[in-house]
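Novice: Can you make the complete structure from the sequences, with help from the hints?
There are 2 protein chains.
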Amino acid sequence: MKQGLLIVVSGPSGTGKGTVCTELLNQTPDLAYSISATTRQPREGEVDGRNYYFLTKEKFESMIEAGGFLEYANVYGNYYGTPLKKIEERLAAGEDILLEIDTQGACNVMKKCPDGIFIFLLPPSLSELERRIRGRGTETEESLARRLGAARGEIQIGRQYRYVVVNDTVDAAVKRIQDILTAEHCRVDRNESLFEEIESK
Amino acid sequence: MKQGLLIVVSGPSGTGKGTVCTELLNQTPDLAYSISATTRQPREGEVDGRNYYFLTKEKFESMIEAGGFLEYANVYGNYYGTPLKKIEERLAAGEDILLEIDTQGACNVMKKCPDGIFIFLLPPSLSELERRIRGRGTETEESLARRLGAARGEIQIGRQYRYVVVNDTVDAAVKRIQDILTAEHCRVDRNESLFEEIESK
Chain Z
1 MKQGLLIVVS GPSGTGKGTV CTELLNQTPD LAYSISATTR QPREGEVDGR
51 NYYFLTKEKF ESMIEAGGFL EYANVYGNYY GTPLKKIEER LAAGEDILLE
101 IDTQGACNVM KKCPDGIFIF LLPPSLSELE RRIRGRGTET EESLARRLGA
151 ARGEIQIGRQ YRYVVVNDTV DAAVKRIQDI LTAEHCRVDR NESLFEEIES
201 K
Chain L
1001 MKQGLLIVVS GPSGTGKGTV CTELLNQTPD LAYSISATTR QPREGEVDGR
1051 NYYFLTKEKF ESMIEAGGFL EYANVYGNYY GTPLKKIEER LAAGEDILLE
1101 IDTQGACNVM KKCPDGIFIF LLPPSLSELE RRIRGRGTET EESLARRLGA
1151 ARGEIQIGRQ YRYVVVNDTV DAAVKRIQDI LTAEHCRVDR NESLFEEIES
1201 K
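These protein sequence lines are chains Z and L, in that order. Position 187, counted from 1, in the first sequence is what the numbering used here calls 187; the numbers after and before it change by one each time, with no gaps. Position 140, counted from 1, in the second sequence is what the numbering used here calls 1140; the numbers after and before it change by one each time, with no gaps.
None of these hints come from the bench; they were simulated from the model. No residue lacks a Cβ here, since even glycine has one placed at the ideal position from N, Cα and C. Any given hint could turn out to be false.
As the list claims (entries may be wrong) - Cβ-Cβ distance ranges computed for the label pairs, FRET-style:
#1 E192/Z x T1022/L: 27 to 33 Å
#2 E141/Z x E1196/L: 37 to 43 Å
#3 Q1003/L x R90/Z: 35 to 41 Å
#4 R40/Z x E1196/L: 31 to 37 Å
#5 Q104/Z x D1115/L: 26 to 32 Å
#6 I1157/L x G149/Z: 47 to 53 Å
Specialist: Encoded structure:
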């Protein structure tokens, strides 16, 4: 059984990675989503077990103790984490799994899973990023300034990723990520069984 | 100026790499072909300066002496080689260049250009490869046996490439190679200028 790909997508807050990942999943039937756990409050319309597993701080911390996360991070006072066990089972079964996590979490996954596919989404520019965050209408000037400062820091961390995709339009970004997945599936070191099969025929 | 990609495609004789590369070039306007030099006789319909530079053995060997080849090899008694100077100029100008060369030549390019993109084409099976070579109708039983033996050896060398693409249909193989090129263009280490540009805006 060929091992599935672990795909990690990050990007500064406001880059539109949620929209890109949702559309990527819609257009890529073979790709499955890893649902993160978090202690933050649900936003309007978010559903427990679909968008996130919404956990109490106590429950989250007991899972940390038990080694139950591939990665976790504390962002703006809330925990976010990737439950480990389901990921391992699904990769072993050959499923490609998408993680949409922040740079802090992704750097932890890089250490544990160097064979993962690390994709960093960039906004076309920082001024466009500011426009998008303002358009969301949920930020105070203070939190906006904090997010933009954080974005600059995150873009620096993006240099540690393998791939960079500019989110100029959602469709173009989705297409590029799909192409990256196709390419990674074509890597020789992921296709030893293909050589053996050809040679045996 | 962003450096162009050097793309190397090889595959056992009869895999259909000529057809795939021709179609790839047709469907990829940004990709240019590196014309090889050879001392073998032109086949019917082949044009000097378009399919190959057809050189005499003496001329070819004097170019070897002068360091004029990125790689060269002697295959079935004929020289094949990639003229160096034009490749360097075009890559520096940001052009993506396609080399269709054999495994012997590709292994030499791997040493000189580790940053190249090495793609190995596989037939769906060895029996299908035999069928395709027979279909060409230009082989004796002896040369067929020699080609099939060589194919087994070449497939072993294919494991040293970065990517493997099965040529089940030409369109599917072309699409996969295009996706590989898109992915390689998205690599962070090929996009330092993108990060600098984003940060400066």
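Novice: All hints are to be evaluated individually against the structure, with a verdict given for each.
Specialist: A quick look at each hint next to the structure:
{"no.": "1", "hint": "E192/Z x T1022/L: 27 to 33 Å", "verdict": "holds (30 Å)"}
{"no.": "2", "hint": "E141/Z x E1196/L: 37 to 43 Å", "verdict": "violated (28 Å)"}
{"no.": "3", "hint": "Q1003/L x R90/Z: 35 to 41 Å", "verdict": "holds (38 Å)"}
{"no.": "4", "hint": "R40/Z x E1196/L: 31 to 37 Å", "verdict": "holds (33 Å)"}
{"no.": "5", "hint": "Q104/Z x D1115/L: 26 to 32 Å", "verdict": "holds (30 Å)"}
{"no.": "6", "hint": "I1157/L x G149/Z: 47 to 53 Å", "verdict": "holds (51 Å)"}
Hint 2 from the earlier list is the only one contradicted by this structure; the remaining hints agree with it.
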